[in-house]
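Let the sequences and hints guide you as you build the complete structure.
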Amino acid sequence: MPPAENEMKLSQVATIRTNFPEGHFWIVRRGSIQQCGEPTRSYNPEHIGVRVERTDLLLPDYLFYCLAAIHQRGDWQQIATGTLSLVNIRVSDVRRIELSPR
Amino acid sequence: MKIDLPSITEQQAFVFEAATQAGVAQLKANLKAPRLPGQTEVDESQYPRTHLLTESEGWEPPHRDLIGAYFRHFQAHFPAYNTDAKLAGLLGLSSDRRVRAFKDGSKAPPYGVWRRFLVLTGRVPQEIIPVLAFMA
Chain A
2 MPPAENEMKL SQVATIRTNF PEGHFWIVRR GSIQQCGEPT RSYNPEHIGV
52 RVERTDLLLP DYLFYCLAAI HQRGDWQQIA TGTLSLVNIR VSDVRRIELS
102 PR
Chain B
35 MKIDLPSITE QQAFVFEAAT QAGVAQLKAN LKAPRLPGQT EVDESQYPRT
85 HLLTESEGWE PPHRDLIGAY FRHFQAHFPA YNTDAKLAGL LGLSSDRRVR
135 AFKDGSKAPP YGVWRRFLVL TGRVPQEIIP VLAFMA
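For the protein sequence lines, the chains are A and B, in the order given.
Following the working numbering, the numbering of the first sequence begins with 2 at its first residue and continues without gaps.
Following the working numbering, the numbering of the second sequence begins with 35 at its first residue and continues without gaps.
Don't take every hint at face value.
[Unchecked claim] If you only want the chain A side, here are some residues facing chain B, beta carbon under 8 angstroms, derived:
1. F21
2. E23
3. I34
4. E47
5. L59
6. L60
7. Y63
8. C67
9. I71
10. I98
11. E99
12. S101
13. P102
14. R103
[As the list claims (entries may be wrong)] DEER-style ranges, computed between Cβ atoms:
15. R52/A x K36/B: 38 to 46 angstroms
16. I34/A x Q46/B: 57 to 65 angstroms
17. A53/B x R74/A: 15 to 23 angstroms
[Claimed, not checked] Derived, one-sided and incomplete: chain A residues facing chain B with beta-carbon distance under 10 angstroms:
18. E8
19. D62
20. A69
21. A70
22. V92
23. L100
No wet-lab data here; the hints were simulated from the structure.
In this text, a Cβ means the ideal position worked out from N, Cα and C, and glycines have one as well.
Encoded structure:
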């Protein structure tokens with residue numbers, strides 16, 4: 002299904018990359034199936050850093066808690082690749098998260 | 035993967051609720067932190083305890099002997115903070131020079147920095163400020 006006209010990708014409002022100490026928070030890129038995709042306030046160069054640039058549209062803390070809910074629901078487990086003990090998600094997976102304005 | 039994007043006001047309300055729930059969970063988890071033996075480098079009964087008070091109760095900066103003893107004791111138990119630079123990061127300080135200045139007594143730690151360390155090491159509870167109204 003094509004995206005609705007007003008839908009945006011997360012990459013349009015935030016800078017998302019690894020090795021990014023200036024991020025507002027970070028997402029675990031590589032780890033166990035339980036850890037992978039978990040947002041954290043602790044910097045690690047391996048984690049995917051997220052810095053919201055359009056804070057007039059999206060609050061960093063709001064995004065943090067939404068990503069925590071996504072992780073708790075286990076959504077990343079459908080996307081993560083790797084072995085049973087060590088999986089990873091891609092920066093591009095985070096960049097393409099859709100934002101649906103109400 | 036999709037995230038709902040409501041107005042900023044609705045996002046703030048959501049954050050308030052989620053941050054409060056996370057805060058409650060963290061406060062409960064804090065009660066289950068491991069218990070470690072106290073520092074033995076200095077005899078604390080020989081020093082004032084005013085550094086444990088809040089500002090309104092009459093806080094005074096800790097004696098430098100206590101700062102050094104507390105920091106070294108902490109760093110011995112937590113290798114992740116075993117350098118002054120790492121400890122500076124934990125305390126929200128810009129450089130390890132400030133940690134060294136506290137240790138050698140050339141500078142007194144500000145209340146907020148010392149209080150954070152006391153909270154992190156389970157020596158004082160953290161202050162929860164009551165919300166009187168939502169006024170934004």
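Structure-based check of each hint:
no.: 1; hint: F21; verdict: violated, 16 angstroms
no.: 2; hint: E23; verdict: violated, 15 angstroms
no.: 3; hint: I34; verdict: violated, 17 angstroms
no.: 4; hint: E47; verdict: violated, 16 angstroms
no.: 5; hint: L59; verdict: holds, 7 angstroms
no.: 6; hint: L60; verdict: holds, 5 angstroms
no.: 7; hint: Y63; verdict: holds, 4 angstroms
no.: 8; hint: C67; verdict: holds, 5 angstroms
no.: 9; hint: I71; verdict: holds, 6 angstroms
no.: 10; hint: I98; verdict: holds, 5 angstroms
no.: 11; hint: E99; verdict: holds, 5 angstroms
no.: 12; hint: S101; verdict: holds, 6 angstroms
no.: 13; hint: P102; verdict: holds, 5 angstroms
no.: 14; hint: R103; verdict: holds, 5 angstroms
no.: 15; hint: R52/A x K36/B: 38 to 46 angstroms; verdict: violated, 21 angstroms
no.: 16; hint: I34/A x Q46/B: 57 to 65 angstroms; verdict: violated, 33 angstroms
no.: 17; hint: A53/B x R74/A: 15 to 23 angstroms; verdict: holds, 19 angstroms
no.: 18; hint: E8; verdict: holds, 8 angstroms
no.: 19; hint: D62; verdict: holds, 4 angstroms
no.: 20; hint: A69; verdict: holds, 8 angstroms
no.: 21; hint: A70; verdict: holds, 9 angstroms
no.: 22; hint: V92; verdict: violated, 14 angstroms
no.: 23; hint: L100; verdict: holds, 4 angstroms
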